[in-house]
Amino acid sequence: MHEDQDRVLLRRMADGDESALAVLYDGWCERVHTLAFWILKDPDEAEDVVEETFWQAWRTAGRYDSRRGAGSTWLIMIARSRALDRLRARRRWADWTAAPGNTSVLLEKTAAVSGEIPDAHSERTERQAAVAAALDGLPPEQRRVVELAFFGGLSHSEIAEQMAEPLGTVKTRIRLAMQKLRQRLAFLREEGP
Amino acid sequence: MNQGLQHEEMQDLLPAAALEILEDAELQGVLAHARGCAECGQLLEEYRQVTAALSLRLPEARHLDPDRSAVLRARLLAKARGGRPRFVPGSRGTASSVYRWSGWLVAASLASVLLVHHSIHQTLDYGWLAAGVLTFLLVSVGLYALVQRNRAAALQERLEDRSRGKGV
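If you read the sequences in order, they're chains A and B. Counted from 1, the first sequence has number 37 at position 37 by this note's numbering; the numbering is strictly sequential. Counted from 1, the second sequence has number 56 at position 56 by this note's numbering; the numbering is strictly sequential.
Same shape as in the complex, but just chain B (with noise of 0.2 Å):
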């Protein structure tokens, strides 16, 4: 398609896509080319700044209880203090001595099993050490569960930054 063409139809659409009624597949072919076009892109802000605009035309008709946005922003201050790790690429985030020594504490446990079932068939007064050990075990793969949720908490948000990415 002849370039010029394709940029006069990408600005057509660039009201669209600021107010986000394209089809997506449309929508990415536009936010592609406001990218990479420099005059575009800025306009394609412009609309989005018109589009925001738009917002300020609404009346206040219904106010958000104080009480309730009081418990909004206190759940959402605590969250930020570290309800749930923040992503960080690259970074393997607050749990990262957990995340360290997790794999460790699963192989210490599976030793810990081994220990224990060859301590039985012995027929030796190891009681004590199986109890101690099955603790152990216990708390290892509670930590590794806890690793395992945290992990996949940070994918999960994630895919949602990068769902939610497009146009904002």
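This is chain A alone, in the form it adopts within the complex (with noise of 0.2 Å):
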């Protein structure tokens, strides 16, 4: 979904078009479920953080501030914080970095599947492709912290005391893989993610 298209929606969602509502999910719905879905690896869930992140959505469009960020931007985060907070509230995150389905693993398996997106969906394939280029491009332990942050929401010590490094190294490897994120990125501080 174009970038604009998202603004224009938020704005009339904050002046109570309903309707706005209903094409905003049409767009975004499958995104924000595959995010849920990898951080609580449960369906219903994630099911639940959909519903929950339009609803929030709705009842705070008109706080969204175009000037400061992208609609899909404001979106995402609302619902990784939703599938966050679920996550932290259920103390999961011990069992997530102990279980086989461990979030890189399951994203070094399926690397190779990205080719098989439809081609209808080609732009979206293109930032995929660049957003993977950028993850894997980074020195392994820092995508490893990333990956550990951004899935599992662990603080910087709980990552430090699952890696078993020091906890200045985990921050400095945190704030390095980001900056080198951002700076690989920044075609879509123009576009949204």
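I should point out that these hints are in silico values taken from the structure, not numbers from a laboratory. Note that the coordinates shown come from a computational prediction; the quantities given were computed from them, not determined experimentally. One thing to keep in mind: the hints can contain errors.
[As the list claims (entries may be wrong)] Examples of chain A residues toward chain B, derived with CB under 7 Å:
hint : residue
1    : C29
2    : M77
3    : V131
4    : S155
5    : Q183
6    : F187
Don't be surprised by glycine CBs; every beta carbon is placed ideally from N, CA and C.
Mind assembling these two chains? They're in different frames, but the hints should get you there.
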């Protein structure tokens, strides 16, 4: 979905136009569900997060400031926060890191699947490829801390404990990794994720 | 603390703030600084875009079931159409007329109770009046309960919005 369209939809939602919510839902429900599912590993909870995300977007659309960033960024950050709230509340992170379905392992297994994404989503596919290249281009230890932070919502100290590394090292790795990603994904600032 | 040093320290924490992995007090400190510092505010937003973009790395390993999605969509739209009043600061919401009259309804109900009590003790044949008044009383109490429930829901939404407002 085009970024300008998201902005317009959020403005209409702020004015109380529920048809805009329907269009936003149709455009982003799969992406929100995918993110929630990968974080929670539970289809039912992922569906709950989808509902919570769009409901929160509806109720707080008036707070969205288009000057501060893309509408899609705002929506995805809501979804991630909702999913992580659930993850943290249930103290699942220990299971998450120990589970055989560990996200980084799954990402490696499914990396080859990207070619199966339909042509109709070619624009998104290009972005997916760019994000994958940026993430894969990080040193493994930096990529690992970003994945633990992004998917697991682990704090600095929790990541340090998980990786058996000094806290300062973890903080530095996260900072460096995010700085590199920001540089490599600069094109998203214009287009939104 | 030296302002320049604080600025640099805050800037170092912006990536973690965007990932929302800081302790709450630390996160609130960074967000407060970013609100007052244009450079850090812009950087924080860029790191948030990076964070959101990471979701693009995820393959759609499990699609949202179309039937379930249709149910979710319909439920959301039903709620948005007015199942629950949206909170608008400074306004009294869609149930304003109920709010306005609820106090009077309750007062009238109490007056009715006194009247019925009086009629019973005066041994007058006011049975029809008592039945009407009791019905009125029940309706009034029901409306009052509805108003209180709406108020509680609005307050709950405000609390949820406030707690969720950080970082998004």
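Proposed interface contact between C29 (chain A) and chain B, which counts if any beta carbon pair is under 7 Å | holds (6 Å)
Given hint M77 (chain A) near chain B, where the shortest CB pair must fall under 7 Å | holds (5 Å)
Quick one, is the V131 (chain A) hint okay against chain B at 7 Å, beta carbons?
-> At 4 Å from the nearest chain B Cβ, V131 (chain A) passes the 7 Å test, so the hint holds.
Have a go at the F187 (chain A) hint: is there a Cβ in chain B nearer than 7 Å to its own Cβ?
-> Given a least distance of 10 Å, the restraint on F187 (chain A) is violated.
Interface hint compliance - S155 (chain A) to chain B, C-beta minimum distance less than 7 Å | Because about 5 Å separates S155 (chain A) from the closest Cβ in chain B, which is inside the 7 Å limit, the hint holds.
Per-residue hint verdict: Q183 (chain A), partner chain B, C-beta under 7 Å | It is violated, given that the least Cβ distance between Q183 (chain A) and chain B is near 10 Å, above 7 Å.
Comparing the model with each numbered hint stated earlier shows that hints 5, 6 do not hold.
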